[in-house]
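Starting from the structure of chain A, add chains B, C and D where the hints point.
Just so you know, the protein sequences line up as chains A, B, C and D, in that order.
According to our numbering, the first sequence is numbered sequentially starting from 18.
According to our numbering, the second sequence is numbered sequentially starting from 18.
According to our numbering, the third sequence is numbered sequentially starting from 18.
According to our numbering, the fourth sequence is numbered sequentially starting from 18.
Honestly, the hints are just simulated from the structure, not real lab data.
Here the structure is a predicted model, which is why all the values come from computation and not from measurement.
Copies of the same chain look alike in the list, so a pair counts if it fits in one copy or across any two.
Straight-line C-alpha distance at most 25 Å; calculated SDA-like pairs for lysine to any residue: (1) Lys-117 x Ser-127; (2) Lys-129 x Arg-35; (3) Lys-129 x Pro-66; (4) Lys-130 x Arg-71; (5) Lys-129 x Thr-65.
There are 4 protein chains.
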Amino acid sequence: MTELGELTDRMRRFAQARDWEQFHTPKNLAMALAGEAGELLAEFQWLTPEESSRVMEDPEEAARIRSEVADVTLYLVRLADVLGIDLVQAAHAKLDQSDKRYPAETYRGSAKKAPPLP
Amino acid sequence: MTELGELTDRMRRFAQARDWEQFHTPKNLAMALAGEAGELLAEFQWLTPEESSRVMEDPEEAARIRSEVADVTLYLVRLADVLGIDLVQAAHAKLDQSDKRYPAETYRGSAKKAPPLP
Amino acid sequence: MTELGELTDRMRRFAQARDWEQFHTPKNLAMALAGEAGELLAEFQWLTPEESSRVMEDPEEAARIRSEVADVTLYLVRLADVLGIDLVQAAHAKLDQSDKRYPAETYRGSAKKAPPLP
Amino acid sequence: MTELGELTDRMRRFAQARDWEQFHTPKNLAMALAGEAGELLAEFQWLTPEESSRVMEDPEEAARIRSEVADVTLYLVRLADVLGIDLVQAAHAKLDQSDKRYPAETYRGSAKKAPPLP
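Only chain A is shown next, with the shape it has when bound in the complex:
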């Protein structure tokens, strides 16, 4: 079993042991995921880009950020489990599209958004 598969299993058992599956609808999990992404955002909101790049040098800040990143990961893994989505497969499929949508030579050094693929 992959490491992501094991994490998914552990989260599922964690929810089952607490009878929390009733709360883990896709709607609620999407909210929890966005809420945690918002908390992660708060760690960076007043930092300059440069400060944000050095954020892991401070042990307390690093611990807070690792904890928020973990929360996002856990809800993402749980949401994917409930929806029956293979995260890694879905991510590669999206990158296949992005390879076509953003040819390296056209978008080098540019943050412009490409028009959607037809």
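This is chains B, C and D only, laid out in the frame that chain A set:
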């Protein structure tokens, strides 16, 4: 190499090939992650909890949701790479804490938030 | 001066008195706004739709929600000030568009998203 | 009636005319608000702080941002209506607290978060 390690590498090469590393500060990636989490949210906002549980039965809706989940995954993987965080390790460490914070017998069937661990 | 104008002025003076204008770039304020919207989300994530409708009956929950709604309001007002946007005017302009995009007879009782106006 | 009161009324009539009140639970509106805050975020995610400060100079970018800010405003106003919260009053109450939590002399030029008031 794990499947998550391979995805991380592919995203890194994707960014390098386009000279996009300059945009991929932790601050900017946290914003992109939260933005994608917001788009995922929008797929569920008007659905009842029950409708949200059946969302993958409709092929078009399923494709949109798979695509948004993939976007969240890609930015999360990229952010973790830039910050030097091992996502799976961080998630397990958080679950170790949650095991203590939310004893199964006390929190069975309850969505109450536990006080933070001392 | 309108009540929103007065609130805008008070927030501006609050930032000036603390020399916080340097932090209040549109980018940072958009992050703060989204972060607070995420905290508001967290108050509702495990509630059923019905429970969410009765949320102001509990004084403690009501106080937390009022506080989060206030945070969103303050950052929205501050962001609009920094961007030079008249919030009420912009909102009415958007509603003018929505009146055309969502004719009442076509969208009655439907949560479907309309195609964008040409 | 204040300009915010008029906007609240217009949004309420807009929802009533489409029989959309069934969708406008606090839970769903908090999701819609966070989703729109995420779209606003996306407009700023790859910009430097300096670029974000000049964002209204480009007419197309300015129109997109005005539109996203309007969406956030509309859902915030609608959510406050459904919850029975006076936005301006709640914001002033929060600023009263912040005046105490962040004394100007202590927090001048500092983006540090204050401990919560006792």
